[in-house]
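Peer 1: I would like the entire structure built from these sequences, with the hints used as guidance.
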Amino acid sequence: MIMKIVAEIDRERISTLLREGKRVDGRGFDEIRPTKLTQDVISKAEGSSEAWLGKSRVLAGVKIQVGRPFPDTPDEGVVITSAELFPIASPEFELGPPGEQAIELARVVDRGIRHSSAIQRSSLCIKSGEHVYLVMLDLYILADHGNLIDAASLAAIGALMNTKLPKVNVTEDGTAEVLEETFPLEMGPPPLTVTFAKIDGTLVADPTLEEENVMDGRISIAIDGDDTISSMQKSGGVPFTYQEVTDAIERASKIVKKMRKQLPQR
Amino acid sequence: MSDKKAEAEQPLIDGKGLRTDGRKLDELRPIHLEVGNLSRADGSAYIEHGRNKIVAAVYGPRELHPRHLAQSDRALLRVIYRMATFSVSDRKRPAPSRREHEISMVLRQALEPMLFLKMYPRAAIDVFIQVLEADGGSRCASATVAALALADAGIPMRGLVAGVAAGKIDGKIAVDLSDIEDKIGDADVPTVMAPERGEITLLQMDGKLTKKELATALQMAEEGIHQIHEMQKEVLLKKYAKIRDQIAEVSPELLEKVEEIKEEKPKEEEPKEEEPKPTRKRTKRTTPAKAEEKTKTTKKTKTPKKKKTESPKETE
Chain A
24 MIMKIVAEID
34 RERISTLLRE
44 GKRVDGRGFD
54 EIRPTKLTQD
64 VISKAEGSSE
74 AWLGKSRVLA
84 GVKIQVGRPF
94 PDTPDEGVVI
104 TSAELFPIAS
114 PEFELGPPGE
124 QAIELARVVD
134 RGIRHSSAIQ
144 RSSLCIKSGE
154 HVYLVMLDLY
164 ILADHGNLID
174 AASLAAIGAL
184 MNTKLPKVNV
194 TEDGTAEVLE
204 ETFPLEMGPP
214 PLTVTFAKID
224 GTLVADPTLE
234 EENVMDGRIS
244 IAIDGDDTIS
254 SMQKSGGVPF
264 TYQEVTDAIE
274 RASKIVKKMR
284 KQLPQR
Chain B
200 MSDKKAEAEQ
210 PLIDGKGLRT
220 DGRKLDELRP
230 IHLEVGNLSR
240 ADGSAYIEHG
250 RNKIVAAVYG
260 PRELHPRHLA
270 QSDRALLRVI
280 YRMATFSVSD
290 RKRPAPSRRE
300 HEISMVLRQA
310 LEPMLFLKMY
320 PRAAIDVFIQ
330 VLEADGGSRC
340 ASATVAALAL
350 ADAGIPMRGL
360 VAGVAAGKID
370 GKIAVDLSDI
380 EDKIGDADVP
390 TVMAPERGEI
400 TLLQMDGKLT
410 KKELATALQM
420 AEEGIHQIHE
430 MQKEVLLKKY
440 AKIRDQIAEV
450 SPELLEKVEE
460 IKEEKPKEEE
470 PKEEEPKPTR
480 KRTKRTTPAK
490 AEEKTKTTKK
500 TKTPKKKKTE
510 SPKETE
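First to last, the protein sequences are chains A and B.
My numbering applies: residue 24 is where the first sequence begins, and numbers increase by one.
My numbering applies: residue 200 is where the second sequence begins, and numbers increase by one.
Hint data in this document are derived by calculation from the structure and do not stem from the laboratory.
Here are the simulated DSS-like pairs of lysine-lysine, each with C-alpha atoms no more than 30 Å apart in a straight line:
1. A:K257 with A:K27
2. B:K382 with A:K190
3. B:K441 with A:K59
4. A:K187 with B:K382
Peer 2: Structure follows, in structure tokens:
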């Protein structure tokens, strides 16, 4: 493990500024860094996008497979999300099978999408109990400058909105035949995730790496297309009060409203 | 996915002698290079070679973990080649395959001769290569991009390496095989060379070739590698020109000073380049006479380098 060492003076500076209502990079507490989304960057993927959140950069790609549904949901397709923290993204990432951070990242992004109404998994069913679409969403971090959860969620949404499914013909003997022809993945307004870092009792949206290094805890909230909450994740060893959580949700909802305007149209 | 049979019967060269993508036999695919594209790495580069899209990041020389791997007389060069799950038509499983392990190894051996590893005992130099999209010849393109990333990291090198595959399609020798040409062609010879030094640092082959055909293939690969090498130099020069312009904006005086030093330098330059050992770095600026003495001693203790020491090799 590479240990992160944070100078006391950095911690001091960040919390002193926060008490004065300021952040190190001059942003407001609810102001997220500029976002950018480029779609269709990998031609061999069925859907792909590269997302920038400030200098954090994530590439998401979707591969489609045709497979069997889970026995308890015979009429539903499957969306599987995984994330790779390959060392190209940060000198602190190490080789090896996905660790805690990569697994948390993939699972938080996955839950935000899974429990939203953006993708109706019944629309991914080809033949009940036999054939469904498996949507394999893979996230590759290219640069970690903080708040990978929101950056990865954005990349994931971009890739899914860009995804084309191949048509499938089920023959008489029941085998599935994948055709050349494609159609876009059916999708409603996507969920968007906002993460707050808790530093000295103050919550700030979209923390940078510098802020993440000194934060005591973190809360991520995915807001769905209908302004409901589709998933949350509190992490870090510091407790949150009820008030802090409800405030964070209100603030996230407002931030997401602004973010939606910048999403690509389908 | 479904038209693999049709692919196998498809001719790779048409009546006009052009290949499936319209190239001539000795023509490379379009290549686009970038350096310094990954913000957290010490050095990085990006290549688009045909439809291959590959990024490389370099870290180091840095502390080596785990420590027991440390070599007391040199740095450990680690090269990791990985493909993204969505880089190929059928999703690749995320765990590294045998192929990725082997390519990592041959790429390490392709880069190692270019580095002065003895300058950094006990340290690590890490090269991470991520294939975002693969389209035939990804190991060669990986060598090209990794060499650029090492140069971008400011790690001293004997020279750059670049790679391209040559092979046989429809009975004819061609350079820079695409995905389909690699798959259904008759032979594939991935080659990586240090073009300035005339050294081959990666050579693999599969298929069937006569000795004469192999010689032609290697010649074609070398020709292609020279072209790629020119592009590598160009993109690195552009980067430094940009830095120079930025300095000029902030502090023109500093730039003037650099120019002055550059003009004074020529006499001292040679010995410095000859053997950049850490001990040498710490020694005071030697007078040209003294420096020459030192280079002589280093020549005796092998390390072939620079044109003078290289020539006996070529005549071998």
